[in-house]
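So the protein lines, in turn, are chains A and B. Going by the working numbering, the residue at position 287 of the first sequence is 287; the numbering climbs one at a time, nothing skipped. Going by the working numbering, the residue at position 5 of the second sequence is 5; the numbering climbs one at a time, nothing skipped.
For the record, the hints were derived by calculation from the structure and aren't laboratory data. We treat Cβ as the ideally placed atom computed from N, Cα and C, and that holds for glycine. Certain hints may be false.
Stated by the list, open to error - Below are the SDA-like pairs computed for lysine to any residue, each with C-alpha atoms no more than 20 angstroms apart in a straight line:
1. B/Lys123 - A/Ile422
2. B/Lys132 - B/Ile112
3. B/Lys89 - B/Gly126
4. B/Lys123 - A/Val418
Stated by the list, open to error - Listing some non-contacts, in silico: residues in chain A with all C-beta distances to chain B over 10 angstroms:
5. Leu19
6. Glu190
7. Asp245
8. Gly394
9. Arg452
10. Gly460
11. Phe470
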Amino acid sequence: MDFSLFLEGFSNSLTLTNLGFGLLGTILGTLVGVLPGIGPALAISLLLPVTLIVDPTAALIMFGAIYYGTMFGGSTTSILLNAPGESGSVMTTIEGNKMARNGRASAALATAAIGSFVAGALATAVVAVAAPSIAWLGIRMTPADFFAMMVLAFGTVGAILGQSMIRGLLSLSFGLSIGLMGLDLQSGSERLTFGIPDAYDGIETVVLVVSLFALGEALYVALYGQLGKADKTAFKGLAWMTKEDFKRSWGPWLRGTAIGFPTGVIPAGGSELPTFLSYALEKRLAKKKHNEFGHGAIEGVAGPEAANNANAAGAMVPLLALGLPTSATAAVMLVAFQQFDIRPGPLLFTDQPLLVWTLIASLFIGNALLLIINLPLVGIWAKLLNIPSQYLYGGIVTFAMVGAYVLNNNSFDLWAAVIVGIIGLLFRKFGYPITPLILGVILGPMAEQQFRRALQGAAGDPSILVSTPFTIVVYTLLALVVLTPPIFRAVRARTKK
Amino acid sequence: MTNSLKAVAKGELVFTSFLFVVAAVVLVDTMGIEKSNAVGFVGPEVFAFMVGGLMLLLAGLQIIAVLRGQRGTPEGVEGGISVAEPNWKAFGILAVGLVLYTSLLEFFGFPIMGTILFFLVAKAIGSKNNIKLAVISVLVSAAIFVAFNEGLQLQLPSGLDTISRIQSPVTEVVPGEEVINDDGVVVEDQGEGDW
Chain A
1 MDFSLFLEGF SNSLTLTNLG FGLLGTILGT LVGVLPGIGP ALAISLLLPV
51 TLIVDPTAAL IMFGAIYYGT MFGGSTTSIL LNAPGESGSV MTTIEGNKMA
101 RNGRASAALA TAAIGSFVAG ALATAVVAVA APSIAWLGIR MTPADFFAMM
151 VLAFGTVGAI LGQSMIRGLL SLSFGLSIGL MGLDLQSGSE RLTFGIPDAY
201 DGIETVVLVV SLFALGEALY VALYGQLGKA DKTAFKGLAW MTKEDFKRSW
251 GPWLRGTAIG FPTGVIPAGG SELPTFLSYA LEKRLAKKKH NEFGHGAIEG
301 VAGPEAANNA NAAGAMVPLL ALGLPTSATA AVMLVAFQQF DIRPGPLLFT
351 DQPLLVWTLI ASLFIGNALL LIINLPLVGI WAKLLNIPSQ YLYGGIVTFA
401 MVGAYVLNNN SFDLWAAVIV GIIGLLFRKF GYPITPLILG VILGPMAEQQ
451 FRRALQGAAG DPSILVSTPF TIVVYTLLAL VVLTPPIFRA VRARTKK
Chain B
1 MTNSLKAVAK GELVFTSFLF VVAAVVLVDT MGIEKSNAVG FVGPEVFAFM
51 VGGLMLLLAG LQIIAVLRGQ RGTPEGVEGG ISVAEPNWKA FGILAVGLVL
101 YTSLLEFFGF PIMGTILFFL VAKAIGSKNN IKLAVISVLV SAAIFVAFNE
151 GLQLQLPSGL DTISRIQSPV TEVVPGEEVI NDDGVVVEDQ GEGDW
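Given the sequences, and given the hints that come with them, work out the whole structure.
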């Protein structure tokens, strides 16, 4: 990595405007992270209208800070409210809420915040080192290689997420179908527009994300939810932990980071897998001494929280270096880039080095700011949990319907949002995962472009798709990911008999 | 209990069939695309066929799985529980809120429609105190309106042009409004269009 560029990025991110947007992002991120019902992907898409007025660097700094901030804020909800704000916080909830009930909320919040900081700082450092070399590789990748990478992302996300592989892949193909909508860029042919001029541009990604998450969730809660009196642990003061807690936390932090980062870089379906792995690992290791698992073990909070944050940072590598999002949140970040006509990918590092390095530097700064605003102020954030859920949903839906409108000032987008919201409701009801759908919509058109580019380069010969060693490795990997679990299950079933 | 479980599976069968129909629509739509004969040119239909075909296959397999008794587990509700018995009243209030907002936003403007939307959503989720909720709804939508129009400079419809239009009627034909013929007589009231 070029150190002078990094320093330049650092000084650029320290200007008053950029620092201000970073701070605003950390506050907004923590805020929406704490509020139940808003995950990082929804938070960023609700705030996407900001991209219409701010300059690219400031906006991306803000989104980076929001991205990290929601991860910090999410742990507060899991620990105090026993409600995971997003899938990556599920594991934190198990031990974290028990700690809170035993009067150890302060230590649980502290180990989550410091663990997130440690993981975020380490992982961002690795991003700074690794991303340029991966971008270097990316420049040498052929369209067939890119297509293979995207198929890998589709396959793993579709197969890993959700209750069954078919559900995940169906969700993905539904997303790919939505991605087809509109005028084909190369030929100008209409696809799935049904003759409606408003549909020529397809459905706006922002509209899709806010309606799937915000409207889908609100409709689902209205139809099938029963909101109980929240089982909340009161918390005041600041989060801190003792020397003993520190001693028990640093191991899980580092191990969590080590698990979380690589699973963020490769398309492994987001933060569910690494947080689960980290939790399982800490539980196994804790058997020797202080086995408090099941009664509020600090290791069970420290590990998964670090893994969650390292995972989020790891996702920045393929996003920046290859333009390939590996989670729903990263996919929405990509949309934020696209709003400015910035194409993340190999060329970004050579075309706009200052932008990239300022963004990476701001991730460091945002991470530090988050620690500062979280440890002493966590008591204030916890107060947000007192907002009655009906006002919360009222606000989320209203905000979503504003966001869906202002992009084009067009009621067509609102109708699309309502219909997609109902689809989001049905997905929740019948146990279909939403992330593959979003990845399908955003990555689908990019995958098609690479697919056609590859085939056109070879005069339509499909063997071009498996022509390089890279593609063969990737497809083998995909076969392993998709086929291993069923084979494993079959073998286990047989041995059980 | 068995009754409600059966109902869930039936609903899921309808949903899975819907996905099957979507896939079929993708394929039928793709067949309507004119193909180019240029050498090496990969037209817009190739990828679409792949997507539609994949989805059709998967939906078919899933229909079989559902018929054989497999069913999805509904997602949990944050800060509450998910119940099998649908609350159609709450859903209806929310749906009415969304449809009203969508069809009337440009006519009445955000300050009014935002208030109505917030009110109905909160009502659907379970607000009891109407007066308190009404006050909060007005405040929230006013705050969002000011924040977007003044803070972000993104103009949400204010509804003011509707008022001025009522004061000085114009003869242009706006979809969803009355159509006035040469004599100035209202010949047709289409109600709110867009449906």
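Violated hints, by number in ascending order, as checked against the structure
6, 8, 9, 10
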